[in-house]
Every structure is written in C-alpha cells, then in structure tokens.
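Engineer: Sequence:
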Amino acid sequence: MIYLFLNILASSIIFLVFKLFDKFQVNIFQAIVVNYIIAYASGFAAYSQPVNWTGLATYSWLPGTVFLGVLFIVIFNLMAITTQRSGLSVVSVATKMSVVIPIAFGLIYYRENAATLKIVGILAALIAVYLVSVKKQDSSKPTKKIWYFLF
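The number in this note's numbering is simply the position in the sequence shown, starting from 1, with 55 added.
Don't take every hint at face value.
Restraint ranges, calculated between C-beta atoms of paired labels, are given here [unchecked claim]: (1) N62 / Y165: 33 to 39 Å; (2) Q80 / I128: 16 to 22 Å; (3) K173 / Q85: 27 to 33 Å; (4) Q80 / S141: 42 to 48 Å; (5) Q85 / L172: 44 to 50 Å; (6) W108 / M56: 26 to 32 Å.
No wet-lab data here; the hints were simulated from the structure.
We put the CB at the ideal spot given by N, CA and C, even for glycine.
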C-alpha cells in the first residue's frame, strides 16, 4: 500500500513541478536532462555489481533503451508544456486516463474478449478526458447538461 501511495504522490508532484517551471522561468529541456543525469548517477552509485563497459555496445537491448530514453525526454517535455498551457487538472486526468490506450491495444493484440463492459469503460474514459479538457465559459451557473454527465 505504501508503494501505491508513493506512486500517486510522485506522479502528482511532477505536474506541480512542471507548473513551477513556468513560474520561475526554468528551461524545461535543461531541467529534464539534468534530472536524467542525476538519475543515472544515482543508479550507477547504487548498483553493486561490476559494470562491463567494453561489452556494453554489443548488448541487443541497447538500441531499445536509447530509444526509450529519448522518448521519455520528449514525453516529459510535452507533459510540461501541456501542464503550463492547459493547467494541472487537465494534464493529470489525461495522464491517468492514458492507460486506456494500452488496454485497447491488449484487447486487439491478445485477441481478448471485448465484452460490452470493457468497451463502455474505454469509451467512458475517453469521454472523461475530453470533458475535463473542455474550458468552461461561465461556470457560475450550472446548465441542465451538467446533470446528464453526472449520471
């Protein structure tokens, strides 16, 4: 349970940090790259086995890890820019709901039974992301449409 709490805490704090980057005029790309360097140094310091630097280029997993590293930097940049432009709630919900894509992929790739409840859940998640991202024009008076969405 503690790991779940720490995961939720960390994923929430990252959006607050991205919002603060805008406030304090921090360069997003530089901050993310410095974060990766610190993460590398911490991992290297914590690793207790000897590292085979000469054979590193021969490992078959190296291109995939380099690709994932670049992809993570790009995604974190996009998350930071979106947080600064759209706000914390929109990005936070969209990130949490991004699990819909792997679930849909799993249904198709593994040829799982696409029960009605699974499809309704995926569609509801996508609709929820859309509804959270829509900007309110006048939020002082709720309309009748709001009550339908609550149901």
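Engineer: Which hints, by number, does the structure contradict?
Structural biologist: When the structure is compared with the hints, numbers 1, 3, 4, 6 turn out to be violated.
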